[in-house]
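K.L.:
Produce the complete structure using the sequences and hints provided.
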Amino acid sequence: MVNRVVTGAHYGLRDWLVQRVTAAVMAVYVLSLAGWLLVQPQLDYDAWTGLFASNIMRSFTMLFLLSLFYHAWIGVRDIVMDYVHPAGLRLLAHVLVILALVMYVIWAVQILWGL
Amino acid sequence: MKLRIYRYNPDTDAAPYMQDYELEFAAHDAMLLDALMLLRQQDDSIGFRKSCREGVCGSDAMNINGRNGLACITPLSSLKQPIELRPLPGLPVIRDLIVDMTQFFKQYHSIKPYLVNNDPPPETERLQSPAERSELDGLYECILCGCCSTSCPSFWWNPDKFVGPAGLLQAYRFIADTRDQATSERLDNLEDPYRLFRCHTIMNCVDVCPKELNPTEAIGKIKDMMVKRVV
Numbered sequence: 012m013v014n015r016v017v018t019g020a021h022y023g024l025r026d027w028l029v030q031r032v033t034a035a036v037m038a039v040y041v042l043s044l045a046g047w048l049l050v051q052p053q054l055d056y057d058a059w060t061g062l063f064a065s066n067i068m069r070s071f072t073m074l075f076l077l078s079l080f081y082h083a084w085i086g087v088r089d090i091v092m093d094y095v096h097p098a099g100l101r102l103l104a105h106v107l108v109i110l111a112l113v114m115y116v117i118w119a120v121q122i123l124w125g126l
Numbered sequence: 098m099k100l101r102i103y104r105y106n107p108d109t110d111a112a113p114y115m116q117d118y119e120l121e122f123a124a125h126d127a128m129l130l131d132a133l134m135l136l137r138q139q140d141d142s143i144g145f146r147k148s149c150r151e152g153v154c155g156s157d158a159m160n161i162n163g164r165n166g167l168a169c170i171t172p173l174s175s176l177k178q179p180i181e182l183r184p185l186p187g188l189p190v191i192r193d194l195i196v197d198m199t200q201f202f203k204q205y206h207s208i209k210p211y212l213v214n215n216d217p218p219p220e221t222e223r224l225q226s227p228a229e230r231s232e233l234d235g236l237y238e239c240i241l242c243g244c245c246s247t248s249c250p251s252f253w254w255n256p257d258k259f260v261g262p263a264g265l266l267q268a269y270r271f272i273a274d275t276r277d278q279a280t281s282e283r284l285d286n287l288e289d290p291y292r293l294f295r296c297h298t299i300m301n302c303v304d305v306c307p308k309e310l311n312p313t314e315a316i317g318k319i320k321d322m323m324v325k326r327v328v
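Those protein sequences? They're chains D and P, same order as listed. This note's numbering applies: residue 12 is where the first sequence begins, and numbers increase by one. This note's numbering applies: residue 98 is where the second sequence begins, and numbers increase by one.
I should point out that these hints are in silico values taken from the structure, not numbers from a laboratory. Be a bit skeptical, because a hint or two may be false.
Lysine to aspartate or glutamate pairs mimicking DMTMM-like chemistry, simulated, CA-CA at most 20 Å apart [what the hints assert, rightly or not]:
1. P:Lys-209 - P:Glu-232
2. P:Lys-318 - D:Asp-55
3. P:Lys-320 - D:Asp-26
Negatives, chain D to chain P, calculated, CB over 10 Å [unchecked claim]:
4. Val-39
5. Tyr-40
6. Ala-45
7. Gln-53
8. Thr-60
9. Leu-74
10. Val-113
None of the values given here were measured: they were computed from a predicted structure. Just so it is clear, CB atoms sit at the ideal spot from N, CA and C, and this is done for glycine as well.
P.N.:
Rendered as structure tokens:
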């Protein structure tokens, strides 16, 4: 392979758009949760487990976490692209980040649904 | 008047250094370039570019007190002393305040900065309505001085892959032109994680542009057109 600068991967728009949408989802979730915490007369174990007993809250939290993981993937990938120059090493870093994030998804499902 | 100027001659100097100058210059309405021209009579070894001396050619872009600008349209009265002059950041220095703009122009050429229209040339001009023509306002005025791209950290980091604000403003100038027929190819050319999406909207380009143009807005419009194309 010749050592030449190559660009033109023909992707980027979707990630840019996803980064914005996931940011909005995270903002709504964080504000809703903060609002809920503020209106609790007393915050104890029962209130907290009560909140996460409903499937709606579990799903909303899962949506938040999926947004966080996808958002994190784009951000971390951009950092790796800037700082890891050998292409092989960069691919390895990308694969490791993706695998870690997929593991987090599985872990999040286990926590939220008490599996 | 006190000036501190970045000096570097690769043939004789081991490393760049800052040189202090004192200048007798009382004109209250003069520009920085006037002072530099006078200073060159004192020390003719100072290297800088200039041509039109009125903000049209874009030759005398430099880093003035930490901020990129054109020496010829920067009033001396607006500058704190000592006036610290450095070459544009991020580009290789040829000598003193003169930088090698090759990489900058390579990116500019990569966006095909010319009208692409495969129709047979008409007898007269390719006409536009006044409204269509006005879409080019704020885009065609760019003089390619390089102030914006060399104030952009994304361009400093990836000058060989990121087009940079100047190139992207010009890319949009041709996308916005109703006489151009290559809109889709132009968008394809920029749909890339490096070429366009290294812009993280920090707006240094808008802050320094001596012609008061807005590359960030142009970049946003390119992204809007890409979104419009896929939804």
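K.L.:
Enumerate the violated hints, using their earlier numbering and listing them in ascending order.
P.N.:
2
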